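Chemist: What follows is each chain in one-letter form.
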Amino acid sequence: MATSGARAGAVSSRYSTPPCRARAALPASRRPLLRQSPAAKTLALYLVVGVVYIAFGLLWQALLYSSFLGISFLFIGVWVLPRAWRRLRRADR
Amino acid sequence: LSWVAHDMEPYTFQAELKTKVAFLPLMLGSWSPDLFTKWFVYGDSIFGTTLRASNPTQFHRGWPGAGFTHSLAYGVLIGLLIYAFSHSRIWAVSFVIGSWAHVLTDVGDTVGTMLFFPFSTYHVSLGAWAYAGQLGRMTDAAAYFSGLGWVWDGVWVLLAVYFAFRGLLSTRYFRSIIYPTDPFWAWIGRRGVPESAMVVLYRGVFFWGTCRWIAWLIWAHVVHSYPFDLSWGGPHWVMAEHL
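Residue numbers (my numbering), protein chains in the order written: chain A, 1 to 93; chain B, 1 to 243.
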């Protein structure tokens with residue numbers, strides 16, 4: 001299928017830089033909050049794990065009693081799983 | 001008894017005292033009075049056999065019983081033992097501060113604590129919220145999160161959240177204050193635990209305490225319909241224990 005030169009050029013320039021780098025090149029005010037700040041990203045991760053912990057805890061109250069289970073839940077949710085996920089993605093590339 | 005205050009107090013003390021205390025013994029001190037006794041107060045089933053104190057309140061706070069763990073002298077005694085074995089002043093002092101915080105917080109319920117044991121077995125009590133440990137875990141949770149105990153926990157949660165927003169839980173704070181004041185972190189570091197994992201462990205009790213404070217509140221008032229009673233000594237729908 002024939003494509004006009006101008007259109008092909010626009011497409012190639014759009015993908016000449018990886019999307020995340022392109023987003024990082026935006027002014028800070030236009031970047032999504034989670035991309036701007038690693039601290040906001042960390043806080044969001046803790047909040048998500050917290051909500052999941054509360055939901056599981058309401059179903060199974062023993063989870064709320066035990067400090068060992070509570071801290072292990074956090075450790076798996078914010079440290080083990082993200083680390084495993086990053087390794088898997090690296091291995092995929 | 002308190003459900004979440006004992007988890008959150010060490011963070012507030014840490015924020016105020018900075019390098020004068022070590023976080024881990026502060027937390028262990030705060031947990032220690034209930035660490036080996038609370039399960040026996042509520043009872044637990046092991047291989048089909050239920051183990052439970054015949055008089056849970058007497059066992060938890062009284063004498064004879066394990067009530068000596070809720071005294072000022074207990075913290076000092078364990079602090080001296082820690083100093084004798086480790087020669088670490090900061091560990092001993094931090095443990096004493098944590099333990100005293102626990103003992104003084106528990107003065108708020110209707111049973112109170114034997115603050116001046118072994119010189120006196122008198123229970124110092126403000127009677128602000130009902131002690132219902134003798135009725136089992138669930139009733140205790142429902143009563144605690146319906147009375148002033150829940151409010152008192154909330155004060156400590158809010159203080160810890162306030163300090164968290166001022167950087168108490170940041171990696172930078174961990175690196176500059178928590179890590180250098182306690183050789184424990186370097187010790188686990190030498191055993192292969194990375195700094196990022198240590199920071200998660202340091203934040204762990206804050207996360208656990210805050211989440212369960214919210215979760216028990218939802219459990220008591222949304223999942224179930226236990227009525228709030230924020231009057232002094234309440235909730236009055238539960239049979240509060242006294243010694």
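Worth double-checking, as some hints may not be accurate.
[Said to hold, decoys possible] Here's a subset of chain A near chain B, in silico, CB distances under 8 Å, partners left out: (1) L47; (2) W60; (3) Q61; (4) L64; (5) G70; (6) I71; (7) V78; (8) W79; (9) A84; (10) A91.
I should point out that these hints are in silico values taken from the structure, not numbers from a laboratory. Remember, it's a predicted structure, so these values are computed and weren't measured experimentally. Every residue, glycine too, gets a C-beta built ideally from N, C-alpha and C.
Chemist: Hints first: check each against the structure and report whether it holds.
Modeler: Evaluation of the provided hints:
With a least beta-carbon distance of about 10 Å to chain B, the hint placing L47/A at the interface is violated under the 8 Å criterion. The interface hint given for W60/A is violated, since its Cβ lies 11 Å from the closest Cβ of chain B, which is over the 8 Å cut-off. Restraint check, Q61/A versus chain B: the minimum CB separation of about 7 Å is within 8 Å; hint holds. Taking 8 Å as the C-beta cut-off, the interface hint given for L64/A holds, the closest approach to chain B being about 5 Å.
Interface hint status for G70/A: upheld, as the beta-carbon distance to the closest one in chain B is roughly 3 Å, under 8 Å. A cut of 8 Å between beta carbons decides the hint on I71/A: the least distance to chain B is about 4 Å, and the hint holds. The criterion of a C-beta within 8 Å of any C-beta in chain B is met by V78/A, whose closest approach is roughly 6 Å, and the hint holds. Hint status for W79/A: holds, given a least beta-carbon distance of 5 Å to chain B, under 8 Å.
Against a cut-off of 8 Å between C-beta atoms, the interface hint on A84/A is violated, since the closest Cβ of chain B lies about 13 Å away. At a threshold of 8 Å, the smallest CB-CB gap from A91/A to chain B is about 20 Å, leaving the interface hint violated.
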